[in-house]
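Undergrad: Listed below are the residues making up each chain.
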Amino acid sequence: MSAIFSCNAASRLASEAQDHPLSLRQRIALRIHTSMCSACRQYVKQIVAIDRLFRTRARSGNPDLPTSSNLDAAAKERIRKRLRQGG
Amino acid sequence: MNMDSPTVASDPDAWVDAHAEALFRYALTRLRRREDAEDAVQETLLAALQAKRDFRGDSSERTWLIGILRHKIVDRIRVTSRCEASIDDPDWNDADWWEGNGHWRNMPTAWGGDPQAASDNGEFWQQVRKCFAELPERQAQVFALRNLDERSAEDICQDLGLTPTNLWVLLHRARTRLRECLAGSWFAPERTP
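Chain order of the listed sequences is A and B. In terms of my numbering, the first sequence is residues 1 to 87. In terms of my numbering, the second sequence is residues 1001 to 1193.
Keeping only pairs whose Cα atoms sit at most 16 Å apart, straight-line, the calculated EDC-like set for lysine to aspartate or glutamate is:
no.: 1; chain 1: A; residue 1: 81; chain 2: B; residue 2: 1017
no.: 2; chain 1: B; residue 1: 1052; chain 2: B; residue 2: 1011
no.: 3; chain 1: B; residue 1: 1072; chain 2: B; residue 2: 1035
no.: 4; chain 1: A; residue 1: 81; chain 2: B; residue 2: 1013
no.: 5; chain 1: B; residue 1: 1072; chain 2: B; residue 2: 1043
no.: 6; chain 1: A; residue 1: 76; chain 2: B; residue 2: 1011
no.: 7; chain 1: A; residue 1: 76; chain 2: B; residue 2: 1036
no.: 8; chain 1: A; residue 1: 76; chain 2: B; residue 2: 1021
no.: 9; chain 1: B; residue 1: 1130; chain 2: B; residue 2: 1180
no.: 10; chain 1: B; residue 1: 1072; chain 2: B; residue 2: 1149
no.: 11; chain 1: A; residue 1: 76; chain 2: B; residue 2: 1035
no.: 12; chain 1: B; residue 1: 1072; chain 2: B; residue 2: 1036
no.: 13; chain 1: A; residue 1: 76; chain 2: B; residue 2: 1017
no.: 14; chain 1: B; residue 1: 1072; chain 2: B; residue 2: 1159
The following label-pair restraints were derived from C-beta to C-beta distances:
no.: 15; chain 1: B; residue 1: 1054; chain 2: A; residue 2: 31; range: 44 to 50 Å
no.: 16; chain 1: A; residue 1: 31; chain 2: B; residue 2: 1050; range: 50 to 56 Å
no.: 17; chain 1: A; residue 1: 28; chain 2: B; residue 2: 1121; range: 37 to 43 Å
no.: 18; chain 1: B; residue 1: 1089; chain 2: A; residue 2: 78; range: 33 to 39 Å
no.: 19; chain 1: A; residue 1: 31; chain 2: B; residue 2: 1155; range: 24 to 30 Å
no.: 20; chain 1: A; residue 1: 26; chain 2: B; residue 2: 1101; range: 19 to 25 Å
no.: 21; chain 1: A; residue 1: 23; chain 2: B; residue 2: 1011; range: 54 to 60 Å
no.: 22; chain 1: A; residue 1: 85; chain 2: B; residue 2: 1089; range: 40 to 46 Å
no.: 23; chain 1: A; residue 1: 70; chain 2: B; residue 2: 1078; range: 24 to 30 Å
no.: 24; chain 1: B; residue 1: 1011; chain 2: A; residue 2: 55; range: 32 to 38 Å
Hints were generated in silico from the structure; no laboratory data involved. Even for Gly, the Cβ is constructed at its ideal location relative to N, Cα and C.
All chains, please: the whole structure from these sequences, using the hints.
TA: Shown next as structure tokens:
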């Protein structure tokens, strides 16, 4: 099989399709590949789902991920002080 | 009715109470080092304080502050990226993912569990945080710009001085890694009830 029909190449095209319109030739290559390859069909479906999960989260007012650490009181106090000086 | 009345802006202390936590989470997701995130929050509030008059009240105060913070973050990313090769990723090796003939080493299979249902689950996002933290810095940054901030590929390239091809490579690696990590954890078939 030619390189464009490898899973590696197909996964690249599938990812790029999320970021820019593919050429007709690229769209056809990807379509043909995924019609024959269930692993790449899953890959496409799942990376699209992951992008969508992040976007949905950000749009619903959480433009961040849960964090392992919070802004502690000392840091807040530093910022307050700095703001009072530099206002 | 706008709860974030601009009058709050006249009191920096109240500003810190009202917004610093949220700005910090936003910055930490994208910059990942807490000192960097704290600095970015401070710079943002300071800049906002000086530019208070520009706040037109046609968006919420939070949205306005996030807009300033986003610029501060991009500035920081740009400065650090000048010092390194833009897609430098010593841990990435195509051969870890695909055989010589381009076939998957570890074939993606159907997920156990519906992504739609996961989106409201706090534990799911804790898992996402872990997977996201494993991404190399540059990949995490462009992925966040693309999918949390919904910046266009053109804008990201311009902001960070990347070529489109480099950006696509970074996003492909980020997506491939995130998919692999989530497929092996939250969406592992054996977790399905």
